[in-house]
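There are 2 protein chains.
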Amino acid sequence: MQVEIITIGDELLIGQVVDTNSAWIGEQLNLIGLRVVQITSISDQREHILKALEQAAGRAEIILITGGLGPTSDDITKPTLSEYFNSPLVFHPEVLEEVERMFASRGLPVTKVNRKQAEVPENATVMPNHNGTAPGMWFEKDGRIYVSMPGVPFEMKGIMTNYVLPELAKRSTSQAIYHKTVLTQGLGESMVAARIEDWEKALPGNIKLAYLPQPGMVRLRLTGTGTDPDTVKKQVDEEAEKLIPLIGELIYGYNEDKLESIIGRLLKEKNATLSTAESCTGGYVAHLITSIAGSSDYYYGSIIAYHNNIKQSHLGVKETVLQDFGAVSREVVMAMAEGARKKLGTDYAISTSGIAGPDGGTPEKPVGTVWIAVASPSGIEAKLLHLGPNRMRTIQMAAFNVLNMLRKELIKKV
Amino acid sequence: MQVEIITIGDELLIGQVVDTNSAWIGEQLNLIGLRVVQITSISDQREHILKALEQAAGRAEIILITGGLGPTSDDITKPTLSEYFNSPLVFHPEVLEEVERMFASRGLPVTKVNRKQAEVPENATVMPNHNGTAPGMWFEKDGRIYVSMPGVPFEMKGIMTNYVLPELAKRSTSQAIYHKTVLTQGLGESMVAARIEDWEKALPGNIKLAYLPQPGMVRLRLTGTGTDPDTVKKQVDEEAEKLIPLIGELIYGYNEDKLESIIGRLLKEKNATLSTAESCTGGYVAHLITSIAGSSDYYYGSIIAYHNNIKQSHLGVKETVLQDFGAVSREVVMAMAEGARKKLGTDYAISTSGIAGPDGGTPEKPVGTVWIAVASPSGIEAKLLHLGPNRMRTIQMAAFNVLNMLRKELIKKV
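In order, the protein sequences belong to chains A and B.
So for the first sequence, the numbering used here puts the first residue at 609; every next one is plus one.
So for the second sequence, the numbering used here puts the first residue at 609; every next one is plus one.
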């Protein structure tokens, strides 16, 4: 079955918002064997929406629509759908209940304009939105499925994950498809490609490889297709296995794994605790660690020592060490890690110190120079990184690197 | 004149690449008064490209096409354009020279496959690509302009900036257009809408309002059109001004402003310093602050006190206060802010303590309960927030709220 995505909103057309929803939807559909044939972004205008729906119906059996469902008057997707399906808006008490529950949990009254969210075309099946007020709507007409969802990414993702994807997967009669994504960290795309060139050439015809580079990591996605799901899965898993002798030391996980959840799992297994001491990453390492639910079980906290005084007062880095070696040095980053470990009373600690830029670089220590360290019960190790001139990229890559360094320490055979 | 953007490439449809080109193009066109009516993303397939061109010609006078111009066999945009314009591919020696110059500068020989880049439809005007091998191509047919460019963002941007935008600006006889986005924080979309309902109804017909909600903020975009640029700008600015008596306390900035850069600017103006003490936001506030280049001028650092021990040892929160009121309380969040201010030696300090979830909620303090505080030279203030059940959203919204609370403190008239 072919899918078209229609994203509605003037903000997409004037470049105020980048359409990240479509890429996410495309990726998710791909995982269940559905193919997107077109993505159409249009403005909040009745005639344009009607025309886009009509043309999409000529290309696809499934039409996923995002955006234009806000309670305000510039959002006209719902009345336009009501017109397209010739289905009047009727009041759905269960939607109002959901809206009321949401507002109550935030201690707010439901406004008149929000009550309107409970008006839904009669022939729509309502899909609750647990993250907002506009419900998802599922329509069927002339053998085609139309789904309307809010444009706010996390609201759309909730409705897709809870309702749309499982339902579409059930109805999809496509061939067996299996993806496995191998997550690597430590080398750039072209270097990884060179290391696995022979393996890639020898891949069977029904397995495709895609490189998905991101700052600080390269993801390798294997997609197998065939008639029997078990056979395809076995084949893909075997090919992924063959990567271990080639780039095993770069692989940190698979599929949706995140470094911060992997280290969380490893720390829990060891019943060990962690703290951090950050300079150039300025809280980003702590943010990644604490983005994982349940991280308070193993994570105690962090000293973010942007100013050198705090490296001394709260991490016990000696003034002489700072003067002799400079804040961005092996000696200081090791003292920071050990200081965090002792002063915050944890088994492990990680630290970063570097020059994120754009200012502060010198010929010896140019912008992008970052030291990272891991302190463990058995000692401290440090590593030097050169991460280039982009501030946000340096912060992200330094964070991934130090989390990966900790991961390697945690899985070390003793 | 109306514009349609067609982006070509399978990688867009399977979600491997987010289409950032379209947003950039939309923004640039907008600045010269041209309006994008549709963005269409399609696969590298002849029939699909032909159909998309035909349909676009029914909607727009200018059709900008990106992608599918690589030298490999899966890229078929060029032969398809040759077919659409009924114009055979002919060899353009000046394009080959450009390709040869580029390869020579990298010390590489020109391969046979790259020579093919010099074959261009006869009736195309070639626009040199200084950043790659595929030239830009400008076509005119039936009063419409078609431009084909590579999909690699910096190659496309080079051709747009050097050739396409200046040429379109020359030909554009369009009206003046002016945008102003008002950034608000503190109330949801529907509540903001209720407050400005009368103002919105009274807007002149040539000014449109759009609500752009994001977690923790609502942006209001005013778009004015008219014949004279100065008149339109004045009109929009005046309407934006009228919002101040209505929702002034919610407005934190305009257009591309960010809270973290605004507070940075205010702190610099006051020659004042800042530190943070974070519990539930786990480093996200510090990350936002330090994402701004030059933040080390005013930001000293943070104590991330995920574990209560650290609230005591590094922020001086008394054990009895923690026991009597609990970690998520007015008393503790105020003690954290004051502790950070004193122990990190800054003029201002902000703090957060809450239950990000999904676990840890109680009937009295459900998940999403967050206390925030600002300590300043003149005292400490705290505020209670109810942010709902989504962990990442709670972290983000708590961070925006505490930064905005600091902003208000910094602009307070003494």
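These are calculated hints, taken from the structure and not from any lab test.
Just so it is clear, the structure is predicted and the values come from calculations on it, not from any experiment.
A hint or two may mislead.
Quick list of simulated restraints, FRET-style, between CB atoms [said to hold, decoys possible]: (1) A:GLN822 x B:GLU846: 42 to 50 Å; (2) B:THR839 x A:LYS720: 32 to 40 Å; (3) A:LYS841 x B:LYS926: 51 to 59 Å; (4) B:GLY666 x A:LYS842: 46 to 54 Å.
Stretches of chain B that chain A covers, calculated by requiring three or more beta carbons in the stretch to come under 8 Å of a beta carbon on chain A [what the hints assert, rightly or not]: (5) 616-628; (6) 638-647; (7) 842-850.
Positions of the beta carbon are idealized from the N, C-alpha and C atoms, including for glycine.
To see whether the hints hold, each was checked on the structure:
| no. | hint | result |
| --- | --- | --- |
| 1 | A:GLN822 x B:GLU846: 42 to 50 Å | holds, 45 Å |
| 2 | B:THR839 x A:LYS720: 32 to 40 Å | holds, 36 Å |
| 3 | A:LYS841 x B:LYS926: 51 to 59 Å | holds, 57 Å |
| 4 | B:GLY666 x A:LYS842: 46 to 54 Å | holds, 49 Å |
| 5 | 616-628 | holds (count 9) |
| 6 | 638-647 | holds (count 6) |
| 7 | 842-850 | violated (count 0) |
In terms of the numbered hints stated before, the structure departs from hint 7 and from no other.
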